[in-house]
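Trainee: Spelled out, the chains give:
There are 6 protein chains.
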Amino acid sequence: MLDAAKCSWLDIRDAVASRPVLAFLAVGAVEQHGAHLPLLTDTVMANGVARRLAEAEAGFLLPPLAFGECWTTESFPGTISISPQTLKALVLDIGRSLKRTGVAGLVLVNGHFGNREPIGLAARALFSEHGLPVLCLDYPGLVETAEEICDSKPAAPHFYHADEVETAFMLALAPETVRMELAAPEYPVFPATFGQEPIELSSFNESGVFGDPRPATAEKGEIFLARITEQSRRAIAAFRKNHGIAEREMTV
Amino acid sequence: MLDAAKCSWLDIRDAVASRPVLAFLAVGAVEQHGAHLPLLTDTVMANGVARRLAEAEAGFLLPPLAFGECWTTESFPGTISISPQTLKALVLDIGRSLKRTGVAGLVLVNGHFGNREPIGLAARALFSEHGLPVLCLDYPGLVETAEEICDSKPAAPHFYHADEVETAFMLALAPETVRMELAAPEYPVFPATFGQEPIELSSFNESGVFGDPRPATAEKGEIFLARITEQSRRAIAAFRKNHGIAEREMTV
Amino acid sequence: MLDAAKCSWLDIRDAVASRPVLAFLAVGAVEQHGAHLPLLTDTVMANGVARRLAEAEAGFLLPPLAFGECWTTESFPGTISISPQTLKALVLDIGRSLKRTGVAGLVLVNGHFGNREPIGLAARALFSEHGLPVLCLDYPGLVETAEEICDSKPAAPHFYHADEVETAFMLALAPETVRMELAAPEYPVFPATFGQEPIELSSFNESGVFGDPRPATAEKGEIFLARITEQSRRAIAAFRKNHGIAEREMTV
Amino acid sequence: MLDAAKCSWLDIRDAVASRPVLAFLAVGAVEQHGAHLPLLTDTVMANGVARRLAEAEAGFLLPPLAFGECWTTESFPGTISISPQTLKALVLDIGRSLKRTGVAGLVLVNGHFGNREPIGLAARALFSEHGLPVLCLDYPGLVETAEEICDSKPAAPHFYHADEVETAFMLALAPETVRMELAAPEYPVFPATFGQEPIELSSFNESGVFGDPRPATAEKGEIFLARITEQSRRAIAAFRKNHGIAEREMTV
Amino acid sequence: MLDAAKCSWLDIRDAVASRPVLAFLAVGAVEQHGAHLPLLTDTVMANGVARRLAEAEAGFLLPPLAFGECWTTESFPGTISISPQTLKALVLDIGRSLKRTGVAGLVLVNGHFGNREPIGLAARALFSEHGLPVLCLDYPGLVETAEEICDSKPAAPHFYHADEVETAFMLALAPETVRMELAAPEYPVFPATFGQEPIELSSFNESGVFGDPRPATAEKGEIFLARITEQSRRAIAAFRKNHGIAEREMTV
Amino acid sequence: MLDAAKCSWLDIRDAVASRPVLAFLAVGAVEQHGAHLPLLTDTVMANGVARRLAEAEAGFLLPPLAFGECWTTESFPGTISISPQTLKALVLDIGRSLKRTGVAGLVLVNGHFGNREPIGLAARALFSEHGLPVLCLDYPGLVETAEEICDSKPAAPHFYHADEVETAFMLALAPETVRMELAAPEYPVFPATFGQEPIELSSFNESGVFGDPRPATAEKGEIFLARITEQSRRAIAAFRKNHGIAEREMTV
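Residue numbers (UniProt numbering), protein chains in the order written: chain A, 1 to 252; chain B, 1 to 252; chain C, 1 to 252; chain D, 1 to 252; chain E, 1 to 252; chain F, 1 to 252.
One chain only, chain A, in its complex shape (with noise of 0.2 Å):
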């Protein structure tokens, strides 16, 4: 792995010269996530599963973007949010460097329901006008894991948020920063237009908390990561495919 904060630019250039090289970037947000997690939840969780993934392809893995698109949290203290055009901004410049750099694709694992749409755009932009293949990978195989292997239910269909499963995670990935003894659970009433309008969270919310995060444990969480490690993988092996780039053994 071509890990930024280890590798210099004689290693990127040294690469990108010997092989085709996929850089990494995990999208998080600086969100509130209840009592028992910290704000960061959204970029360590993905900032893990880059990390798994950019080792396991030799990739260069690019230092997080910590901060996320978080509109519905924002009357929460503490929640940092940026808007979707500097989001796509961010995503478009520090693709189009990669590009200049000669990697030959961009993986972004993306950790916050709100990056979506920006790095989607972001994403068509660098393939469709500077030639740069992007995948954006959304947990892959989370829900159907959740399915199996969470002991508590969803606050809603789809809907994952300082609960069992980010809860496990963090208990895998950074379990100095959880405060089990502060988790409880809350199964907010979602209003019947929700998903139709705009509509903060924190007006039928109260603890940030959405499901019960009290049965996370971290062998759960490394069952996530392995399960989406494996399931990104597979979607890579597929992108690499469309684009023709070559996995080969990293010889550095």
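Among these hints, one or two may not hold up.
Unchecked claim - Calculated Cβ distances over 10 Å to all of chain A for the following chain B residues:
hint: 1; residue: Tyr187
hint: 2; residue: Ala192
hint: 3; residue: Phe194
As the list claims (entries may be wrong) - Per the computed footprint, the stretches of chain B lying under chain A, defined by three or more beta-carbons under 8 Å from a beta-carbon of chain A, are:
hint: 4; region: 5 to 15
hint: 5; region: 35 to 43
hint: 6; region: 78 to 86
hint: 7; region: 95 to 102
Said to hold, decoys possible - Below, a list of computed lysine-lysine pairs in the BS3-like style, where the Cα atoms sit at most 30 Å apart:
hint: 8; chain 1: F; residue 1: Lys6; chain 2: E; residue 2: Lys153
hint: 9; chain 1: A; residue 1: Lys99; chain 2: D; residue 2: Lys99
hint: 10; chain 1: B; residue 1: Lys99; chain 2: E; residue 2: Lys99
hint: 11; chain 1: C; residue 1: Lys153; chain 2: D; residue 2: Lys6
The set of hints was computed from the structure by calculation and includes no laboratory data. Backbone N, C-alpha and C define an ideal beta-carbon position, used for all residues, glycine too.
On the provided structure of chain A, position chains B, C, D, E and F as indicated by the hints.
Mentor: The following block gives chains B, C, D, E and F in isolation, referenced to the frame of chain A:
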């Protein structure tokens, strides 16, 4: 200290409700730093200072902005540059969220020359249009300390890049990422119009090093960190005074 | 109903002065829909629903936005795509004028997938910055109805394009524009990374049809229209309740 | 004629493959037009002309842009105005897609004064940056015809709004939307600085009518349509000649 | 008169504190004007008028905007054109500063056709969003005076460029920059679609002259200046009345 | 010299056809300069230097950009500030036109600190995206000359505003606009965080003067002009060499 990697939204809510809280944000870069330093050097350095300041000031430490404006080194593979507009927008968005969250002011710790103007413009807008005081620190005291403790000369006045100064910082902050065996000096000849027209550094520098990194030691790095922290705290004290932001003991 | 094609400014002035008025705006597309359906299919469908809702709710029916965001089908001749930024700006401008005119809320009836995010972002800005409540309807009840009454399977889950569903709508709304003799099925093989990276539909679909349009009938189209209208009215009732927009009889 | 409401993408594909095709796009407005004309008047008029031209020229008739730039009448309820920037962006996006689709040129039929400059700027960009010739028609021949056949005087030179001219058009094109029993004259006193500073029309006009709509008849409307169509076709012939766009018989 | 080239900030402070002050800003161009007139012709002319008005009205004379929007003559070497967006932004920024400075209104003296719309849009925004009244003068009375005193005909109705009219102005304002020995007539044939599609003037004009500059004299120029000044002052009087901006004697 | 105020488009056409021509553009400001200097001081100074350089280099002298970026002095009446974005756009547009006109390079003579970054960014874009070399001169040699010939000290290192330096320039260039009888010194106390946070100068300076203008003389102004011209020409010589722009005698 309120570290976004560890604290919850309730910690932030309670802190801002009980005392004036300053937020601390490092702004770094992913940029070539010669053969012996990692791409993330500027980010690691700025975040090292920001963390010390947040601790000393009982502030809210945000995750660093790891990507900076690096037009001048874009042609070195591995440098990932974002545009000044994107960087300005990013700081503006973050500042607006901080204002909404209730912090009393924002301290930017900048680790890269190209970031100065974009973050200065964001600071201006945040202060004059959004009422958030913003202090921009560019390693106060660094020049004087370098003149005092360095054994090598800088490649140009006030120009420190992958040299004794930065290498010393990194030996103090992240020694495992420094490869001193690859450290080698380069004193390039600057073009006569340097600073007067747009010039990519690669047009007159080969290794990415400006100066001589070899005399660097972790001890010197610690001296830099201590001096800069001290000078920065003086600036913060004046900043607090300008805006009536009382300094109180952190209770949590 | 206050139809912009028929009513005068005095009709609008008097209506908004006497009761809370909702505006209805269909958002469609000019996009390929196989050999048997016209380019305007999405616009005709969305406007058909919007008209029924405006009638039922005694609302202000605006002319439809006929052009939508169609990046994925741009390589089919005849598809005319506008950028997400342009679509968002258009809805924002219209909403601001509606606010000034005095309407109580805006109901967007969307007929094309690519429009979702841009109009969602416009809705957010209109509500949070301009105080205009906006409801975004994406054919509520369509999926369930399709599963119940269709004789063919969709080409992919929740993916309806030039198939039995859309053809049924058009047979009910504009039968003179449907050429059933040209209707032919296509069940393309979706790429493994579909939904994860930007992919033009023409790269794996030849005819523009996704599924089998042949079993479509006008009767099925009427059932869709009736169910969607009913489900939409439920959402509108909740939306009215959220924002205190009373429902009254139209007097003009 | 290739009407987007009726033809398929294959019709467009085949047409552009066999001969040079011109696209026709009406640009109208949702704007107050006195007590007797509907809000959509400008759109109906412009589209009436565009349809006749598309038929005569065997062109591709797009759905009209129904919303225009109406700053001057924004304070009349029911007027829905979009900004010049948005209108320009909309025409630009559409033109780019038309270029990709393979049309030989675009003819804009403008029905509202405020639209002139934005669509003129879009035309310039489409021609000089994207290579798409664009002709902007503002009812050529209207002034001369009005002087010849109208029984009332305009409220100001070259100023026709909800008067005999526009009412005649509407009686010819959409008589069911005209309420002649409400038609009443108004000859407002124009401010001395009209045209020299931004002035909302409502500051000196009460009814929304400028002139006297009462002498309007459908016959006069037909004469306007015939003359304008004829003059427009002359301009189109010159436009075709300028750009080498041959006129051929439509075979489908 | 408060001439920015001569007065200090204290002069401005005292003037706006004691009476309503109008600011005067000429908007010109750097554009080809045939063989006998300098590139700065439009700027010199507009500033000549602005200076006379500022003197007569005891106003604040700003330095002229010397660069204008000249798309149509860009292919003549020496024409320097700025985009309509840039010109609009420039006038907007200046207007905002003038509002803050305390002036009562802004009078724009435009000397170039292409500037009309951008400065008109800026005027609208300044008035409706920032509360600064703005009057846009386009040489009122010029057409009538030309018809009365010129010995040559214009190349097209209301079209004056490097002809008798402009040459007369320049002979009155800056005779040392006029080379009458190079003045020669050109009456180009305008394309049939002129005004209906984007056309560069160089496509049908060779010398840059439109009409016949030879009969121009300084006396005629003085008549133009006198008449335009008179007509402009009438418009200014109406403008003052519209906005309650009293006219008082200048005391400084 | 090709002065835009005097030469025609044919002069420019012939010059660029026969030799490499540099364009010269002064960038100044309309800004408070104490009681004794006019608002246009920075523009007069920069244009004075630009004119000397254009003469010496047989260049194309454009009219100066008279408005600059003056956020820090906006609260002094009479200061008219434009945003950095507008200034950057203006220089970019002008540069693009110069490129089209055929000049070999652009020399910007900047007379105001706030303009530095915007014009530097424009220079970068013009060079890297449009292929126009741009040299940005900020009075090279000024600091050394001031240290050598001034009888007063600057208010802060490298800070010259309405002081002996600028007054000397103005006495040399436009003595009729200087009121020495009003010249008075002010040595304000700079805030501790000056340069680290956005601070309006009026918050700690009363008169607008920084330093002591009284010892200024026209002779000193001439020395400044001569030294800066000399140093600037050295930079231009290096700039010509960097880009292969030969220096030739002007024949016209």
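Trainee: Against each hint, give a clear statement of whether it holds in the structure.
Mentor: Status of each hint after checking the structure:
{"no.": "1", "hint": "Tyr187", "result": "holds, 19 Å"}
{"no.": "2", "hint": "Ala192", "result": "holds, 27 Å"}
{"no.": "3", "hint": "Phe194", "result": "holds, 21 Å"}
{"no.": "4", "hint": "5 to 15", "result": "holds (count 9)"}
{"no.": "5", "hint": "35 to 43", "result": "holds (count 7)"}
{"no.": "6", "hint": "78 to 86", "result": "holds (count 8)"}
{"no.": "7", "hint": "95 to 102", "result": "holds (count 5)"}
{"no.": "8", "hint": "Lys6/F - Lys153/E", "result": "holds, 26 Å"}
{"no.": "9", "hint": "Lys99/A - Lys99/D", "result": "holds, 28 Å"}
{"no.": "10", "hint": "Lys99/B - Lys99/E", "result": "holds, 28 Å"}
{"no.": "11", "hint": "Lys153/C - Lys6/D", "result": "holds, 26 Å"}
No hint from the list above goes unmet by this structure.
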